[in-house]
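Asks: If you follow the hints, you should be able to join the two separate chains into one complex; please do so.
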Amino acid sequence: MRSIKARLHWLDLVIVVLLFLFVGYVWQQIDGKLNYKWDWARVPNYLFRYDDTAEKWVANVLILGLVNTIRISIYASLLAILFGLILGVARTSRNLAVRMLARTYLELLRNIPPLVVIFIFFFFLSEQLISFFNIESWAYAIARSENAEVWTFLFGDMRQFPALISGIIVLALFESAFVGEILRAGIESVETGQREAARSLGMRWSDEMRFIVLPQALRKTLPPLANQFITLIKDSAIISLISVPDLTLRAVEMANSTRLLFETWIVAAGLYFILCFGLSLLFRSLETRIGRRTSK
Amino acid sequence: MTQPNPIIDIRGLNKHFGDFQALSQVDLSVETGEKVVICGPSGSGKSTLIRCINCLEDYSSGSLIVNGVKLSEDNRDIRVVRMEVGMVFQQFNLFPHLTVLGNLTIGMVRVRKMSRTDAEERARHYLERVHIPEQADKYPEQLSGGQQQRVAIARALCMEPKIMLFDEPTSALDPEMINEVLDVMTELAATGMTMICVTHEMGFARRVADKMVFMEGGSIEEIAPPEVFFSKPESARCRMFLDRILVH
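These protein sequences, in sequence, are chains A and B.
Just so you know, we're using the working numbering here: the first sequence kicks off at -12 and counts up by one.
Just so you know, we're using the working numbering here: the second sequence kicks off at 5 and counts up by one.
Going by beta-carbon spacing under 7 Å, a handful of chain B positions derived as facing chain A:
#1 58
#2 60
#3 83
#4 86
#5 87
#6 91
#7 95
#8 97
#9 99
#10 101
#11 111
#12 114
#13 115
Please keep in mind that the hints were generated in silico from the structure rather than gathered at the bench.
Backbone N, C-alpha and C define an ideal beta-carbon position, used for all residues, glycine too.
Pulled out of the complex, with its shape left as it was, chain B reads as follows (with noise of 0.2 Å):
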């Protein structure tokens, strides 16, 4: 099947709630195995963001078509964009009353409807590409931070999405854990796959990124790749907020 390009396409999208005004006139389109890194102080609307594109959000105007579907108020239609969009959340989110193996195949079976064996074959695998393949029988709350989040990598994986969106996927965790965690995502972006991410890491971002995004107050104040973006931003704020971010 031949992918739709872009593979997502926002156009002046707004969102309020209630007087605050989250998003304001967001115009973004990312091509099919694209890598976009978005950042930006906190409160800046990265997160409502990437959460609009899997409907967490819903938003207030413009448009945003995704994997050729527009978005609206219809849940078949939302159904089916979430299956082909993976999402990694800050907080992991595992569910604790599952077992690492529990936690992937739940997709599958309840939503792809793979039996279970297959289901497992390929949860495995995941497992594997996280390199914590000895885990699987052991529950989210045995496992470290690190380790937590490379489940929730994997648990995404195993829907086979189509693109994959992090929402600040290390900053929850100790510091001598985010590198497994960009070590696996930097070798998902080997493999083609196109990813959205919220993140601050900026080592990752030069490797990985072929586009950045800066946003503030809830619009997108430069869009640049990571060349340009690092050596000569054309926004001011965006340079001030890489100053402060990158002192150290």
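If we strip away everything but chain A, and leave its shape as in the complex, we get (with noise of 0.2 Å):
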């Protein structure tokens, strides 16, 4: 590859310049215009804060939402990827019925928008199934019980653990369309000719896909699958307007009740920053290290 030379234009400092002056009207504009009192120094209590009974600090509200944002990114990858991988094998199923099956869910997915897909889940299904399963008492008496701290470590605050796990299940639907698709690009791409090669030893279906063509498959599509799960992170926002108390649900709160609007919001558009870029960057890093073993 070329590399492209490091070198300053004279255009590009004009350009530079200009971008300063435009941030530098907005920002007059909010200052002076809205009449808008920026109060940074009440921000920080907000991401931790210091507890006077237990004699140190704990996270606040916005730490805790990140946490959430977390824990339930990572549970609705886990689910999307076991949902993905069941959508992208009957997507190349050789059965029509199963194929189609796929095909619909899929094409439902991905032409709802996901707003829609989940006020349509959280209405119908969700409430229904938390109360045919009696999760919500479930959650309670395990808030209460002994080993609390555990599930406490797992899921965060076992009371909001119906408002959890309905965000998770219904992120994890959402994401699996697009996981499913991937993987079935996966298993598409590997060749013919290991699949032959399988069944010429008298594997079965079951077992030529299990050993010889998904771990091809996956191996593949680790790179968009790991920007699929950075996507997912950004998604998860949208499931706070079901209750689900993750880092937007809590700056939501936090900027109602204190009027810090604009502090509010850019922390918590840091913190996403934060956690996405520094994923996509170990993700990245992950990616030559891996590439160079493969490649020796």
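Replies: As structure tokens, this is what we get:
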């Protein structure tokens, strides 16, 4: 690859100056016309607060929300990979009915706005399911029980578990459509010769998939799957609308109660950015390391 | 167990790809221990024919009995047959995510349900047979083409099949690697294995074949023992084909 010379042209400088002027203008508009009173001093308290009774610093709403967002993203991703795997395999099935079912699910989810999907799921299904399985009283019982700590570490405050679990499921259902498409492409990219070799050894279909096709497909699709994981973190903001206590919901609450509108949203945006950009750097370095190892 | 004879019995086999007739009225029977070499111009149906024998292709009409099992749509029968039929592909088709040993053992462990230790022992035995015992822990991409094809042969042999099919096993190899693969195949022939090879390596065919088959346009034009086949083939087209490939 040809390397691009990092040298500034005078035009670049003009662009930078113009950008600064623009930002300054917007700033001045907010400051002057909106008559907005900045109060950054109160913000750190919503990240960490000093607990007088325990006499130590503990995480406050925004950080708790961020941790919940991370929890939700991890569980939803695991579920999405499971559903996506089923979907991806179904999409490449020989059976027409199976293929059509998978296709229908996929097209439905891809062509309805996520927000609508989430509302439909939440109002039609999740309420029913939660009361059917008695999840609410189960979660409350755990919140009062002795090993509540483990559960709290895994799922946060157990009293919010019902909302959390419907958030996770709906997000997983939604993302599984995309994961499924990524995996389908991965499965289809495995040469037919591989399948023929597996079959000519006498392997049954399930073994052929499990030991020959999927390991190769997953390896090829790791980079797009990692990207999809980051997308999922960003998409997870939407489930705040069904009262899942994630970073966005906490930010909404904080902005409403403190009137620190700009500060709150700038901090929330910063937290999302650090999380997603950090992960994307991490995945990129992992990718080059794996790439180096396999190309040897 | 006595072997059913013939071990492969093909009668009136037809295969269509849409309008194109890939095989037409193919009759061929192979006795246990017999070595059959199939040759013919490209597109003549050689590969299709041997891929039918282990059901990688289905056929349109006719009958195909392999090792006493009549091949039909029934899945269970297909797997029973495939376990007894080893296949070596032109493009090797080794599993790139597994080591050589992993390539060899996966069939034994997953299909034959052997223990891992037994499988590894047998795998090492067959790697010895194909003269690359030292490559057991490498990945396929670290091997030369000839070595990869020998691993592929060992992988098929590990299943201890009754029949071995070779689909142009040396066509994707660099010239200097062809002989190492043919040597392994010649040694295998000496053990009494039933073999069907699609190949244009006529030296190998002369040495090993009991029966030569010439195909063109989806049908068998000539079946003869090699002495007759190479000196005075009956079919004019077969003579033309041989003239063309034996000139050099």
